[in-house]
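Let the hints inform the model, and build the full structure from the sequences given.
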Amino acid sequence: MASNIKYPENQAMYFIEGDTLALITRVDSSGNGRTSSRKQWKAISEAVTRGLLLHYYAEPNSVTSITSNLDIDNALELAVVDYVKKCLYMDRAGSSPDAGVMQVSMNMASKHERNFKEAIQRYGVRKKDKTGGSRVVKVPNLV
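If you read the sequence shown in this note's numbering, its first letter stands for residue 59, the second for the next number, and so on.
No lab work stands behind these hints, which were simulated from the structure alone. Treat the hints with care, since some could be wrong.
Unchecked claim - 16 Å max Cα-Cα, derived EDC-like pairs, lysine to aspartate or glutamate:
1. K175 / D149
2. K143 / E171
3. K169 / D156
4. K144 / E176
5. K169 / D140
6. K175 / D140
Spelled out as structure tokens, the structure:
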């Protein structure tokens with residue numbers, strides 16, 4: 059792209075709301091920075107001719123308490139339930155003095171572990187919105 063802006067990746071930002079992509083920048087088309095803090099970020103005034111490459115990094119939010127919500131894709135919620143059940147059954151098997159309870163608990167832990175691994179293999183490789191990486195938005199030529 060022919061532009062007067064040096065290192066546009068340091069001067070531009072984007073955000074996605076619904077199905078709308080917004081590009082904003084702190085510089086004008088000649089590359090001069092805006093100094094007014096109230097109107098520092100404005101819509102970009104560059105022409106996009108052959109598409110747009112967006113690169114971003116995304117990390118899920120950390121769980122800080124028992125009431126925190128997991129920042130994961132909806133498809134993986136049942137996998138987390140299976141993982142927790144596996145751990146609880148293993149704890150029960152390790153703390154029970156009865157051999158029958160221990161055997162049943164280990165069998166249930168194995169069942170939930172298989173369910174967890176299957177869910178991770180099925181849904182874990184999909185590229186979802188919480189996975190960073192390169193994305194390309196192709197702008198159609200309306201001329």
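Against the structure, the hints:
1. K175 / D149: 19 Å, violated
2. K143 / E171: It holds: about 9 Å lies between the C-alpha atoms, which stays within 16 Å.
3. K169 / D156: With a Cα-Cα distance of about 20 Å, the restraint between K169 and D156 is violated, given a limit of 16 Å.
4. K144 / E176: At roughly 14 Å apart (the allowed maximum being 16 Å), E176 and K144 satisfy the hint.
5. K169 / D140: It holds: about 9 Å lies between the C-alpha atoms, which stays within 16 Å.
6. K175 / D140: Holds - the C-alpha atoms of D140 and K175 are around 9 Å apart, at most 16 Å.
Consistency note: the structure conflicts with the earlier hints numbered 1 and 3.
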